[in-house]
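**Q** Sequence:
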Amino acid sequence: MATLFNHENRTRTRAHARTTTRYEIARTAVEFAAALAFIVGSVFFFYNSLKYLGTWLFVVGSVLFAVRPAVRLAMEIHLVTLPCGDGTKE
Numbered sequence: 010m011a012t013l014f015n016h017e018n019r020t021r022t023r024a025h026a027r028t029t030t031r032y033e034i035a036r037t038a039v040e041f042a043a044a045l046a047f048i049v050g051s052v053f054f055f056y057n058s059l060k061y062l063g064t065w066l067f068v069v070g071s072v073l074f075a076v077r078p079a080v081r082l083a084m085e086i087h088l089v090t091l092p093c094g095d096g097t098k099e
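Taking the working numbering, the leading residue of the sequence shown gets 10, the next gets one more, and so forth.
If you are wondering where the hints come from, they were derived from the structure by calculation, not from laboratory data. Errors might be hidden in some of the hints.
[Stated by the list, open to error] Label-pair restraints from in silico Cβ distances:
hint, residue 1, residue 2, range
1, F14, G94, 17 to 23 Å
2, S58, G94, 57 to 63 Å
3, V52, L13, 37 to 43 Å
4, C93, L45, 36 to 42 Å
5, I86, S58, 43 to 49 Å
6, H16, L62, 39 to 45 Å
7, R23, A79, 21 to 27 Å
8, V52, G94, 40 to 46 Å
9, E17, F55, 46 to 52 Å
10, A35, Y56, 29 to 35 Å
11, I48, H87, 29 to 35 Å
12, T90, T37, 20 to 26 Å
Ideal Cβ placement from N, Cα and C applies to all residues, glycine included.
Let's have the full structure, built from the sequences with the hints guiding it.
**A** And the structure:
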């Protein structure tokens, strides 16, 4: 039986590898968006007129950092539900 957080699940079949790639791309996009939100938010704090927006960018960045492990968990659950090469879910 396939288990969560087993690295072998990532390459068990072609479908597993494609799924892993898609989730890794999504997770990387979330990480870049979070970093960008924090960087822009930090710059906005140099200007009094932009501090309010900068605060919201920090909130958005924080939420995106919380989304990152959720994407990882979704990938792990998706991988264990995919059928293995013999049609089973192992």
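**Q** Could you run down the list of hints and mark each one as holding or not?
**A** Each hint, compared with the structure:
no. : hint                    : verdict
1   : F14 <-> G94: 17 to 23 Å : 21 Å, holds
2   : S58 <-> G94: 57 to 63 Å : 59 Å, holds
3   : V52 <-> L13: 37 to 43 Å : 39 Å, holds
4   : C93 <-> L45: 36 to 42 Å : 38 Å, holds
5   : I86 <-> S58: 43 to 49 Å : 44 Å, holds
6   : H16 <-> L62: 39 to 45 Å : 41 Å, holds
7   : R23 <-> A79: 21 to 27 Å : 25 Å, holds
8   : V52 <-> G94: 40 to 46 Å : 50 Å, violated
9   : E17 <-> F55: 46 to 52 Å : 48 Å, holds
10  : A35 <-> Y56: 29 to 35 Å : 33 Å, holds
11  : I48 <-> H87: 29 to 35 Å : 31 Å, holds
12  : T90 <-> T37: 20 to 26 Å : 23 Å, holds
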